[in-house]
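Participant: Put together the whole structure using the sequences plus the hints.
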Amino acid sequence: MEESKVEWDLVIEPTQSLFVLNFRELWRYRDLLAMFVKRDFVSFYKQTILGPAWFFIQPIFTTLVFVFVFGNLAHMSTDGLPQFLFYLTGITAWNYFSDCITKTSNVFAANAGIFGKVYFPRLIMPLSIIVSNLVRFGVQMLLLLFTMLYFGLKGADFHITWALGLFPLLVSIMALLGLGLGLIITSLTTKYKDLTFLIAFGMQLLMYATTVIYPLSSAPERYKDIIALNPMTSIIEAFRFAFLGKGELTLWSICYSTFLTLICLIIGVLVFNRTERNFVDTI
Amino acid sequence: MSSAIQVENLSKIYQLGQFGTKTLSKDVERWWVTKVMGKEDPFLKIGEVNTRDSKSSQDWVYSLKDINFEIEQGDAVGIIGRNGAGKSTLLKILSRVTSPTTGRVNIKGRVASLLEVGTGFHPELTGRENIYLNGAILGMRKKEIDRTFDAIVDFSGVERYIDTPVKRYSSGMYVRLAFAVAAHLESEILIVDEVLAVGDADFQKKCLGKMGAISKGEGRTVLFVSHSMASIIALCRKSILLQNGSIAALGETGTIVNRYINLSGIGKSEYMEHEIILNQAYEWAKFKTIRTSGNSGITNSFSINEEIKIEIEYEVLRDNEIIHPSIHLLDNLGTTILATFNGTSANLNKDPFFSMPLSKGNYKSICSIPAFFLNDANYKVSCFLVPENASKMAIAKEILLFSVSETGEMRQEFHGGWVGLIRPRMAWMTSKL
Chain A
1 MEESKVEWDL
11 VIEPTQSLFV
21 LNFRELWRYR
31 DLLAMFVKRD
41 FVSFYKQTIL
51 GPAWFFIQPI
61 FTTLVFVFVF
71 GNLAHMSTDG
81 LPQFLFYLTG
91 ITAWNYFSDC
101 ITKTSNVFAA
111 NAGIFGKVYF
121 PRLIMPLSII
131 VSNLVRFGVQ
141 MLLLLFTMLY
151 FGLKGADFHI
161 TWALGLFPLL
171 VSIMALLGLG
181 LGLIITSLTT
191 KYKDLTFLIA
201 FGMQLLMYAT
211 TVIYPLSSAP
221 ERYKDIIALN
231 PMTSIIEAFR
241 FAFLGKGELT
251 LWSICYSTFL
261 TLICLIIGVL
271 VFNRTERNFV
281 DTI
Chain B
1001 MSSAIQVENL
1011 SKIYQLGQFG
1021 TKTLSKDVER
1031 WWVTKVMGKE
1041 DPFLKIGEVN
1051 TRDSKSSQDW
1061 VYSLKDINFE
1071 IEQGDAVGII
1081 GRNGAGKSTL
1091 LKILSRVTSP
1101 TTGRVNIKGR
1111 VASLLEVGTG
1121 FHPELTGREN
1131 IYLNGAILGM
1141 RKKEIDRTFD
1151 AIVDFSGVER
1161 YIDTPVKRYS
1171 SGMYVRLAFA
1181 VAAHLESEIL
1191 IVDEVLAVGD
1201 ADFQKKCLGK
1211 MGAISKGEGR
1221 TVLFVSHSMA
1231 SIIALCRKSI
1241 LLQNGSIAAL
1251 GETGTIVNRY
1261 INLSGIGKSE
1271 YMEHEIILNQ
1281 AYEWAKFKTI
1291 RTSGNSGITN
1301 SFSINEEIKI
1311 EIEYEVLRDN
1321 EIIHPSIHLL
1331 DNLGTTILAT
1341 FNGTSANLNK
1351 DPFFSMPLSK
1361 GNYKSICSIP
1371 AFFLNDANYK
1381 VSCFLVPENA
1391 SKMAIAKEIL
1401 LFSVSETGEM
1411 RQEFHGGWVG
1421 LIRPRMAWMT
1431 SKL
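If you're matching them up, the sequences are chains A and B in order. Going letter by letter, the first sequence gives residues 1 to 283 in the numbering used here. Going letter by letter, the second sequence gives residues 1001 to 1433 in the numbering used here.
Hints in this document: simulated from the structure, not taken from any laboratory. Treat the hints with caution; some may be incorrect.
Derived pair list, reagent style DMTMM-like, types lysine to aspartate or glutamate, alpha-carbon separation capped at 25 Å [as the list claims (entries may be wrong)]: (1) B/1108 with A/40; (2) B/1360 with B/1275; (3) A/193 with B/1270; (4) B/1108 with A/31; (5) B/1142 with A/40; (6) B/1397 with B/1409; (7) A/191 with B/1321; (8) B/1238 with A/25; (9) B/1142 with B/1188; (10) A/38 with B/1188; (11) B/1142 with A/25; (12) B/1392 with B/1218; (13) B/1360 with B/1409; (14) A/38 with B/1146; (15) B/1167 with A/31; (16) B/1143 with A/31; (17) A/38 with B/1144; (18) A/38 with B/1159; (19) B/1364 with B/1413; (20) B/1108 with A/9; (21) B/1360 with B/1331.
Partial pick of chain B residues on the chain A-facing surface, computed with a CB cut under 8 Å [stated by the list, open to error]: (22) 1097; (23) 1098; (24) 1102; (25) 1113; (26) 1120; (27) 1122; (28) 1139; (29) 1141; (30) 1163; (31) 1164; (32) 1168; (33) 1169; (34) 1429; (35) 1430; (36) 1431.
Beta-carbon label-pair distances, calculated as ranges [unchecked claim]: (37) A/141 with B/1419: 32 to 40 Å; (38) B/1032 with A/259: 28 to 36 Å; (39) B/1412 with A/200: 54 to 62 Å; (40) A/50 with B/1032: 38 to 46 Å.
Built from N, CA and C at the ideal position, the CB exists for glycine as well.
Facilitator: Structure (structure tokens):
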């Protein structure tokens, strides 16, 4: 009799509707997200001599190697842009996407210990990865801006364009596409680990299928459409167009990437939510 | 009183063995039957009761089966049972770490669960940073941690090292800090797995005290799993006894703990002639029955305050045979703790049959191990029938296995882990010099 009056705060059941995403709970745990980001940041450079400088070293050296191999040895086109600037722009944007996808695709395996011992909305963990990487991306953007300033003062031929206004959209697409794909992969790998092997070298290959080391304009006509199918291509192209003034940006390509990102994100969150409830038993 | 937790028909099945290609085909089959054909899950039906020691042919077992109970607000409830009885699974479901296979749980109030001390501690971060991180993981808002920060540091007693990375902490300090954070969670329901097994005795006492205060003083609901009956008795008014994934008993802690102690958990308490595996036989004397018994008859689970009788019945097969029944007491790992026989100078009683030539027939020798002598542990017994010239004898090695459990009677003052193969009451006296 009295029981019917009781309002339960929490009901635990075997299955839950696929489309329940508890935003209120996510919001309540926002402090935890901040703590994870802080942890990632602080633990990254603790007990290193160079400290946060490591954020710069990786893109600088990758760019130098690209300049040497693709620019000087292979003489690949950079659309008339200074090679260093061309590669650095591509690498900075690509790294963010790539970090987001590789780190989120490992979220269940890497956090099995903590997930197995305490409950919090699991989505906090991949979200914190996206935000941590965003901080890192921000720092690397500073490097890009300084490089642009240096080449600008030297009188190199490039200019920023109106597309700079799209910057927030581009960053969101990179983050959410990485997140969506990462969530799908991590959910699929809790029971069968096959996909984890794919992601390691898959990201390497995907980079060559994206216009990081060559401009879309120099790609052979018959491969162009295939390369453009890759949603990251239009993002990198738009990114380069915004900052350096060279790159192919069309309304259609941006809409295409946005649409694909939303699809991936929705699927990713759904399968993640479903996997999250029982993955402790199988991982 | 309204209920804080209501558990209805809760079950959980687990998949055994390795996951591989075969698992995939079964997964597909399961998906096909349940989702496409709309029938009942075939693996749910064949799921077996989870008994660890019997070999199973099925890949699926019930870790919990049809659990029903209700806990009222402000109650402290202990959950006891052997390893594998389903205690941890139950806590995991209640803490939402994993979800049930069938059934449901209704919870009123905020739940904080402590299945492990220091979950998410990062070795590179300082004590201060880890308090915030761990607090946030356990569900505290930053404001709440700010408010309780001083109390946490004070309780942990590591104030001097609060800005040192925790990787430089001793393991004791680490545990202190971690428990301190958990102890200051502000939730209506607290779920605690066996976390008091760590840390020194002093700190364990402090933890128990804090948990007592949480349940009794602050009126919060506490669920507590422990193997230490002493802690359960000290903390919980009610208890739930789990056995093979089902509730075997539920009620007042005293009754339930006794029930648990009397549960014959480990093998048999009595072995008949044909069940006794001999390591060596003696042609003129043979074992008939070997058993352990206590206050309530034949059993192999004893309380620490109970006299343990080891009974050997044997048959002498020719006249004028002199037999010395003898036993070895071993610990769980097989180390011999003591050896004893009925020799007059080694006997508290006087055995009229000692060293007497026996006529043909059956005899029974009983060796009594006094109460308050053994520790809270498992023990094994080897039995011997040694004739006058000890060159040949009947030997049944490690034939009996029995357990001794805590009742709380020797635990008024000390609640920590009690080391030692035996735990006799000793004579102590202090005087001022």
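Participant: Each hint should be assessed against the structure and marked as holding or not.
Facilitator: Hints versus structure:
Simply put, residue 1108 of chain B and residue 40 of chain A have alpha-carbon atoms about 35 Å apart, too far for the 25 Å limit, and the pair is violated. For the proposed pair residue 1360 of chain B and residue 1275 of chain B, the alpha carbon gap of about 23 Å is at most 25 Å, so the pair holds. Between residue 193 of chain A and residue 1270 of chain B the CA atoms are separated by roughly 49 Å; this puts the pair beyond 25 Å, and the hint is violated. Distance check on the hinted pair: residue 1108 of chain B and residue 31 of chain A sit about 24 Å apart at the alpha-carbon level, within 25 Å; holds.
Distance restraint check for residue 1142 of chain B and residue 40 of chain A: the Cα-Cα separation of roughly 18 Å lies within the 25 Å cut-off, and the hinted pair is therefore satisfied. Our distance criterion of 25 Å between C-alpha atoms is broken by residue 1397 of chain B and residue 1409 of chain B, whose separation comes to about 32 Å. Straight-line distance between C-alpha atoms of residue 191 of chain A and residue 1321 of chain B comes to about 67 Å, which puts the hinted pair past the 25 Å bound. As the CA atoms of residue 1238 of chain B and residue 25 of chain A are separated by approximately 32 Å, the hinted pair breaks the 25 Å bound.
Distance check on the hinted pair: residue 1142 of chain B and residue 1188 of chain B sit about 19 Å apart at the alpha-carbon level, within 25 Å; holds. Of the pairs offered as hints, the one joining residue 38 of chain A and residue 1188 of chain B is violated, with about 29 Å between alpha carbons and a cut-off of 25 Å exceeded. In summary, the hint linking residue 1142 of chain B to residue 25 of chain A is supported, as the alpha carbons are separated by about 15 Å, within the 25 Å threshold. Annotation: proposed proximity of residue 1392 of chain B to residue 1218 of chain B is violated, straight-line Cα distance about 67 Å (limit 25 Å).
For the hint linking residue 1360 of chain B to residue 1409 of chain B, the alpha-carbon distance of about 45 Å lies beyond 25 Å, and the restraint is violated. With a C-alpha separation of about 17 Å, the suggested pair residue 38 of chain A and residue 1146 of chain B falls inside the 25 Å cut-off, and the hint holds. Between residue 1167 of chain B and residue 31 of chain A, the direct Cα distance comes to roughly 24 Å. Compliance with the 25 Å bound is thereby established for this hinted pair. Taken as a hint, the residue 1143 of chain B and residue 31 of chain A pair is honoured in the structure, with Cα atoms around 9 Å apart against an allowance of 25 Å.
A C-alpha spacing of about 18 Å is found between residue 38 of chain A and residue 1144 of chain B, which places the hinted pair at or below 25 Å, so the restraint holds. Between the alpha carbons of residue 38 of chain A and residue 1159 of chain B the distance comes to roughly 22 Å, so the proposed pair stays at or under 25 Å and holds. Only pairs whose Cα atoms come within 25 Å are accepted, and residue 1364 of chain B paired with residue 1413 of chain B is rejected, the gap being roughly 40 Å. For the hint linking residue 1108 of chain B to residue 9 of chain A, the alpha-carbon distance of about 5 Å falls within 25 Å, and the restraint holds.
For the given pair, residue 1360 of chain B sits about 35 Å from residue 1331 of chain B by alpha-carbon distance, which is inconsistent with the 25 Å threshold. A least Cβ separation of about 6 Å between residue 1097 of chain B and chain A falls short of the 8 Å threshold, and the interface hint therefore holds. Nearest Cβ of chain A to the Cβ of residue 1098 of chain B: about 5 Å, under the 8 Å cut. The hint holds. For the restraint placing residue 1102 of chain B at the interface with chain A, the shortest Cβ-Cβ distance is roughly 6 Å, inside the 8 Å limit, so the hint holds.
For residue 1113 of chain B, the shortest C-beta to C-beta distance to chain A is roughly 7 Å, which falls under 8 Å, so the interface hint holds. Satisfaction of the interface hint for residue 1120 of chain B is found here, the shortest Cβ-Cβ separation to chain A being roughly 5 Å, below the 8 Å cut-off. Given hint, residue 1122 of chain B at the interface with chain A, holds; its Cβ is 5 Å from that chain's nearest Cβ, closer than 8 Å. Contact between residue 1139 of chain B and chain A, as hinted, is supported at the beta carbon level, the nearest pair being about 7 Å apart and thus within 8 Å.
Interface hint status for residue 1141 of chain B: upheld, as the beta-carbon distance to the closest one in chain A is roughly 6 Å, under 8 Å. Interface hint at residue 1163 of chain B: violated, since its Cβ lies 13 Å from the closest Cβ of chain A, which is beyond the 8 Å cut-off. Restraint check, residue 1164 of chain B versus chain A: the minimum CB separation of about 12 Å is more than 8 Å; hint violated. Interface hint at residue 1168 of chain B: violated, since its Cβ lies 12 Å from the closest Cβ of chain A, which is beyond the 8 Å cut-off.
For residue 1169 of chain B, the suggested interface contact is broken, since its CB lies about 15 Å from the closest CB of chain A, more than 8 Å. Of the supplied interface hints, the one on residue 1429 of chain B is violated, with its beta-carbon coming no nearer than about 47 Å to a beta-carbon of chain A, more than 8 Å. Contact between residue 1430 of chain B and chain A, as hinted, is not supported at the beta carbon level, the nearest pair being about 44 Å apart and thus beyond 8 Å. Checking residue 1431 of chain B against chain A by beta carbon gives a least distance of about 50 Å; that is not within 8 Å, so the hint is violated.
Between residue 141 of chain A and residue 1419 of chain B the CB atoms are about 59 Å apart, so this pair departs from the stated range of 32 to 40 Å. For the pair residue 1032 of chain B and residue 259 of chain A, the beta carbons lie near 33 Å from each other, so the given range of 28 to 36 Å is met. Taking 54 to 62 Å as the suggested C-beta distance range, the pair residue 1412 of chain B and residue 200 of chain A conforms, at roughly 59 Å. Taken as a hint, the range 38 to 46 Å is violated for the pair residue 50 of chain A and residue 1032 of chain B, whose Cβ atoms sit roughly 56 Å apart.
Hint check: violations occur at hints 1, 3, 6, 7, 8, 10, 12, 13, 19, 21, 30, 31, 32, 33, 34, 35, 36, 37, 40; the rest are consistent with the structure.
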